[in-house]
Amino acid sequence: MIAFLVRRIGQALVVMFIISLLSFSIQDNLGDPLRELVGQSVSEAERQKMRDSMGLNDPFITQYWRFLKKAVQGDLGNSYFFKRPALEVILEKLPATLELVIGATLIILILSVPIGVYCAINPRSWFTKVMMGISIVGISIPVFLTAIMLIYVFSIWLGWLPSFGRGETVTVAGWETGFLTTDGLLHLILPSIALSSIMLPLFIRLIRSEMMEVLEQDYIRFAWAKGLHRKRIWFIHALKNTLLPVITVGGVQIGTMIAYTILTETVFQWPGMGFLFLEAVNRVDTPLIIAYLIIVGLIFVITNTVVDLIYGLVNPTVKLARGHT
Amino acid sequence: MALLEVRNLEVRFPLRGGELTALRDLSFSLNQGERLGIVGESGAGKSVAAFAILNLVSRPGYISAGSVLFEGRDLASLAPEQLRSIRGNRIAMIFQDPMMTLNPVLTIGTQMVECLQAHREISDKEAREIAVSKLRSVSIPAPAARMDQYPHELSGGMRQRVVIAIALLTEPSVIIADEPTTALDVTIQAEIMELLLELCENNNVALLLITHDLGVVSQVTQRTIVMYAGRIVEEGATRSIIDNPWHPYTHGLIDALPERTHRGQRLNQIPGMMPSLSAIPEGCAFHPRCEHMTELCQTQIPGYTLRDERRVACHWVEKQGESR
Chain U
1 MIAFLVRRIG
11 QALVVMFIIS
21 LLSFSIQDNL
31 GDPLRELVGQ
41 SVSEAERQKM
51 RDSMGLNDPF
61 ITQYWRFLKK
71 AVQGDLGNSY
81 FFKRPALEVI
91 LEKLPATLEL
101 VIGATLIILI
111 LSVPIGVYCA
121 INPRSWFTKV
131 MMGISIVGIS
141 IPVFLTAIML
151 IYVFSIWLGW
161 LPSFGRGETV
171 TVAGWETGFL
181 TTDGLLHLIL
191 PSIALSSIML
201 PLFIRLIRSE
211 MMEVLEQDYI
221 RFAWAKGLHR
231 KRIWFIHALK
241 NTLLPVITVG
251 GVQIGTMIAY
261 TILTETVFQW
271 PGMGFLFLEA
281 VNRVDTPLII
291 AYLIIVGLIF
301 VITNTVVDLI
311 YGLVNPTVKL
321 ARGHT
Chain G
1 MALLEVRNLE
11 VRFPLRGGEL
21 TALRDLSFSL
31 NQGERLGIVG
41 ESGAGKSVAA
51 FAILNLVSRP
61 GYISAGSVLF
71 EGRDLASLAP
81 EQLRSIRGNR
91 IAMIFQDPMM
101 TLNPVLTIGT
111 QMVECLQAHR
121 EISDKEAREI
131 AVSKLRSVSI
141 PAPAARMDQY
151 PHELSGGMRQ
161 RVVIAIALLT
171 EPSVIIADEP
181 TTALDVTIQA
191 EIMELLLELC
201 ENNNVALLLI
211 THDLGVVSQV
221 TQRTIVMYAG
231 RIVEEGATRS
241 IIDNPWHPYT
251 HGLIDALPER
261 THRGQRLNQI
271 PGMMPSLSAI
281 PEGCAFHPRC
291 EHMTELCQTQ
301 IPGYTLRDER
311 RVACHWVEKQ
321 GESR
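Sequence order for the protein chains is U and G. Under the working numbering, the first residue of the first sequence carries the number 1, and numbering increases by one thereafter. Under the working numbering, the first residue of the second sequence carries the number 1, and numbering increases by one thereafter.
For the record, the hints were derived by calculation from the structure and aren't laboratory data. As the structure is a computational prediction, the values presented were derived from the model and not from experiment. All the pointers check out, no bait thrown in.
Capping the alpha-carbon separation at 35 Å, the derived lysine-lysine pairs in DSBU-like fashion look like this:
{"no.": "1", "chain 1": "U", "residue 1": "Lys69", "chain 2": "U", "residue 2": "Lys49"}
{"no.": "2", "chain 1": "U", "residue 1": "Lys231", "chain 2": "G", "residue 2": "Lys125"}
{"no.": "3", "chain 1": "U", "residue 1": "Lys69", "chain 2": "U", "residue 2": "Lys83"}
{"no.": "4", "chain 1": "U", "residue 1": "Lys129", "chain 2": "U", "residue 2": "Lys240"}
{"no.": "5", "chain 1": "G", "residue 1": "Lys125", "chain 2": "U", "residue 2": "Lys240"}
{"no.": "6", "chain 1": "U", "residue 1": "Lys49", "chain 2": "U", "residue 2": "Lys70"}
Kindly produce the complete structure, drawing on both the sequences and the hints.
Following this line, the structure appears as structure tokens:
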């Protein structure tokens, strides 16, 4: 277990190094940060001077080295726009984004397993056919379109749910949460549904196809021959084997969902990291962009490691301690 | 009355462009404590027959005709819950490949205890005790420790022993063994077969042994059924079939045994191949490979000739009997 963790942390460091290099290399290609920083009235000579003092004219390697030295100490530079440490600005918005991802993940977990299992067990029922049809549509419609349709139906037409913002939030131990207020939860519903709209059908189809394959296995037939109750065969014998590959794929997908938050947060004006990122791109706020990419990369690496750990715990044929991959 | 009586059982698989009949007109009976072998090449319908008895034909296959009478009930038309109470309880089954039979993510103990608890009101502790004693009876070393192991921690031979122990858990009256040693090392095959034979004898369990190995059949069973292309072609006492096969197919099978060939000589074989179920020849399914083939064989499916407690489906044998 320890050996596994050490190895994973080593891998994570390499991945983070590459991510930092890639995101830092965006630096010069987005536009001129000075334009956003100082406005029209400053002369070109003064601008040059500022560029020099900010180190923007240094060679790439020098700049990157300077960035890296600070980055390992937790300093990802100051946001040009907010004039505050970029990391601090990002982390303030992290709770909003994480809560959105958690909301969507809960929807996916609660719905995909029962629906996927049902569709695998009853491949010919009308419900399965309807679900398979809807899921294709769900996967095909882009998130922003789903989001706009949700707002149109539930906020404008029916007027049931709020269409933007996080609503009322409370701060618990430095974490600004919307989970604890009714208003916050109501505000979470539509964005979560929108965010899950691509992953949910994907998961339903994944669970269904994996489960159908498992149901064909000899050990399932043997379980029938043993005279076990069908619920036990489906939910213990088959489901456990079904979830193994689903966990692996699912972990990566939950990471991917963070990327989708950019769209969802923009449509719902959700004050999270994704929304902030899009603003930062518009303002050529490079330190903030880099900080965002690094944080998201870190979340990706962490979720994947956790998923691998869970996989090792669920699958008895994987021995984490021995440390072979 | 026989313990298990199969009557005119027929299994079909609906496929695009028509149905395949995988099993036709299968009738036989199995008495208490009797050991019956079903032999034939791959594709003869042996396994389908085994699964059809427990009404476990894999979808989309289904039992299209006939009945399986067990203790006065017809398994082919029994309600699912009653069928469940017989499967694994009164009739147990042993599968071909022990590497695939046990669920990889559940411990041996779990897979044994659940089987007992599916059929009896019994506490975890009692169930575990019975399970350990069954593991001991199939000569698994350190049986208590095995309970918490996963299948991948055991060798193929050990896994098949576990499967046999599971089959014995509920003290069934019939065990159906579908090629129980085919997937094992040759060195272990004999061991497992001997174990199975011994356990069946000691517990007075009837055994339906499905195999393509005539050698095994002759050692273990009292009666033998020979199948070809989904149909029984010959049935009788194992000894008399091996010593004096009537059906040309059975004859060919026995001639093909390596023991029947002298050193340095080419091994005997039956010319041609078993037809696929979608292209079974008209008349006697064996006629294209048969040296005694006549015009009659090409057009008319032979009925069963009954003689000396044996039956055989062959025009040639029938004619010989008349002329005798």
